[in-house]
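Residue numbers (the working numbering), protein chains in the order written: chain A, 3 to 204; chain B, 87 to 585; chain C, 34 to 143.
Read the hints as simulated data drawn from the structure, not as lab findings. Among the clues, some could well be false.
[To be verified] Straight-line Cα separation of at most 27 Å, DSS-like style, residue types lysine-lysine; simulated pairs:
(1) B:Lys-265 with C:Lys-107
(2) A:Lys-72 with B:Lys-420
(3) B:Lys-374 with B:Lys-265
(4) A:Lys-43 with B:Lys-420
(5) C:Lys-107 with C:Lys-59
Single-letter residue listing:
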Amino acid sequence: MSGLSALSLVYIALCYGAAAVFITGLVVKFYGYAATPAPLKIPTTPAPTTVPGVIARLAGEALFFTSLFKGNKWTWAGGYLFHATLALALLRHLRYFLVPVPDIVAMAGPPGVWAGALMTLAVVYLYMRRMTVDRTRSISLFADYFALALIGLIGLTGLIMKFAIRTDVTAVKGFIMGIVTFHPVNIPPDILFLVHLPWRWF
Amino acid sequence: MAKKIETDELTGEIVTPNIEPGATAHYKPNLAAQEHNESLGFPGSKIEGWEEKAIGRMGELLSKYRSLKVYMDTCVRCGSCADKCHYFLGTGDPNNMPVARQELMRKVYRRYFTPGGKLLPGLSGAEDMTGKMLDEWFSYFHQCSQCRRCSVYCPFGIDTAEVSMAARDIMNSVGVGQKYCNEVLGKVLDVGNNLGMEKPALANTLEFLEEDVEEESGVAVRYPLDEVGAEVLLIAPSADFFSSPHIEGFTGYGKVFHEAGVSWTVSSYASEFANFGMFVGNFETMRKVAQRIVDAARELKVKRIIVGECGHAWRVGYSFWNTLTGPFDFLDPKHRTPTHICEFTLDLIKRGVIRLDKSANDDLNVTFHDSCNVARGSRMGDKPGGQFDIPRELIRSVCNNFVEMDQDTIREFTYCCGGGGGLLTDELMELRVKGAMPRAQALHEVMERNGVNTMAMICAICKAQFTKVLPSYGIGMDVVASVHQLVSNAIILGGNRGV
Amino acid sequence: MSFELNGATYETDEDGYLLNLDQWSKEVADYLAAEEDVEMTEAHWEVINFLREYYEEYKIAPMIRILTKAIGKKLGKEKGNTKYLYELYPGGPAKQACKIAGLPKPTGCV
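Just chain A, same shape as in the assembly (with noise of 0.2 Å):
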């Protein structure tokens, strides 16, 4: 561990605390639901009756937010479109933190630029529909919010990253293997990947 910088010390064990929490969060969210009684049969109907109908049911407000979709066609395209491009941007960052990288992560890569820059168009129209429309602005907390903007924010540092101020790569992705494997080294002192990095934090 000898040799890293203090601003190194900090984001490594900003980024094992984040893991940390993250993972112990989940955990303890999905102990708690699995351990509290269901007694009363409660789903909304018309509900399906078979296995496989459940499944499908939940298949398709997993993957299609098939409720939203009926509540609100503009809600959805904006939130359907948000997520989609923040899973193929995210499929991309495989890259970073595997090796060798996988055929389905490099084939993610140009697409992933672009989806990208959809995610964070997405993330400001969601903040303006929020923020316009006289309902959702009054039901809205500082952390939705918050959210928004962070994604933004991380959307926009990492778009500047690969068009306009390039930044070290290698460095970057040596520091998160480095993450990855438990054996730490120096972070790439790149202002913009400093901001770009901390998304997990939160």
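Dock chains B and C against the given chain A, drawing on the hints supplied.
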């Protein structure tokens, strides 16, 4: 006191209003008196240190119901539900947006049950349980009819009904109860029905009905009470013994049994299908009310239980009875418990057991109002969606003229009548009238376009609510009909062929 | 809640229904009717009297058809229907007429 409530003229269109903060903050139901609360085992009036006790009760509920726990955590305030509630559409009060209604509880949940809310309440949208908060709870959790329409549109399936049930249970646990529900529950547990109608009155009512039907048709149709050994125990909402058009539906049940040649009986001990225990979100109360029916079924040695036209009660019967008071292995396993009277009648019609003269309903042009708790909280028959198809098929088999209302207002998208969930009380009349706006618009449209003059339904609350509020929209109360009233009109008595 | 009439105090519930049913009298009925903007005629009294008689025996107001039939018998068949009762008592025979008759408010899904 019977004052007319101002409404806009109907256009047939449901328009989302601009928000108007605090528009209905002053709508509040009457507080339950000490005797009402205590009869249900709740404190008589607001207790000392209620804040702490309320949070304690919330913790208990969070550990007893996974749904509540998930609902408290998962909302992202996307706003999909915001314009789906009939009370929001009718009043514009932002706290009547389902998400905002839930937030009233979520704010408190965050403050006492999440790390963020404990440490940084300001940033997390967390708030203390205060007198002001309780006031808002009492007001707005009694402006939710637990119709679940919002849950259809929620990407996470969050059901505001569950949240308001929990909120009402928490309020009851600290002695802040709602008079209408608690008084009614006291009566059902004491006398056997919501009306407080004792056995002599019930017997008199059923005798009257026998005479009336015979006078009119010349056929001696029986309306039996407490007959041990009957095949069927019929459990109807007690409004069926009292009001119109409920009684016309009840008259129809009797004619169906008569023509089917099936012996049946009403019980004076369990003369109520409605179960307001669900409205107040209290498991034990709901169980006690349901238990009376099981006890009556054993006592009367019946083989099956058939239930009348009642919305939320059908939900309780279909979805909860088995958990609350099952198993029903002392009944004939050939039949579903409970069986809905619509399933029963439709089956008889399909098998040609009862004969019909559809032309008896030719002066009627009928539409069907899906009652919310039947539509979104239950099923009927074997197939998903049976709760929509079976009543429709039944109506079509007894009427020649049937028209659907706008598709965004029927089946799982149906709007509540505006009086469900324990809000069918006079002091909330303004809310009830405004909440009926979406249904009134859709009805108005088919009245204008298709000449509809009858709206049939299978819920006692819907029937009572619409007969009271539609006149405020210039629609006569005589459009409201029971589904079995239509059956009653069309059935040919005296053709009894037996099952 | 309560109201004063001829020097006596009458306790009522939140909706103005008499709490002590023994306190009812014709004067009280007239007072309650005025509060409801109902002008009492012979026909109105027929309804009130029948409600009170029925309540006396059965501790509850009669089912709507029992009431309409009874009124039809007394006032003529063409008046034995719900529509006529609502003409007499626009607030509803069950609720408004019960209040004037000094009966408790019917509860439940009515």
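Evaluated hints:
1. B:Lys-265 with C:Lys-107: violated, 37 Å
2. A:Lys-72 with B:Lys-420: The hint is violated at about 39 Å.
3. B:Lys-374 with B:Lys-265: Between B:Lys-374 and B:Lys-265 the Cα gap is close to 19 Å, so the pair holds against 27 Å.
4. A:Lys-43 with B:Lys-420: holds, 23 Å
5. C:Lys-107 with C:Lys-59: holds, 20 Å
Violated hints, in rising order: 1 and 2; the structure is consistent with all others.
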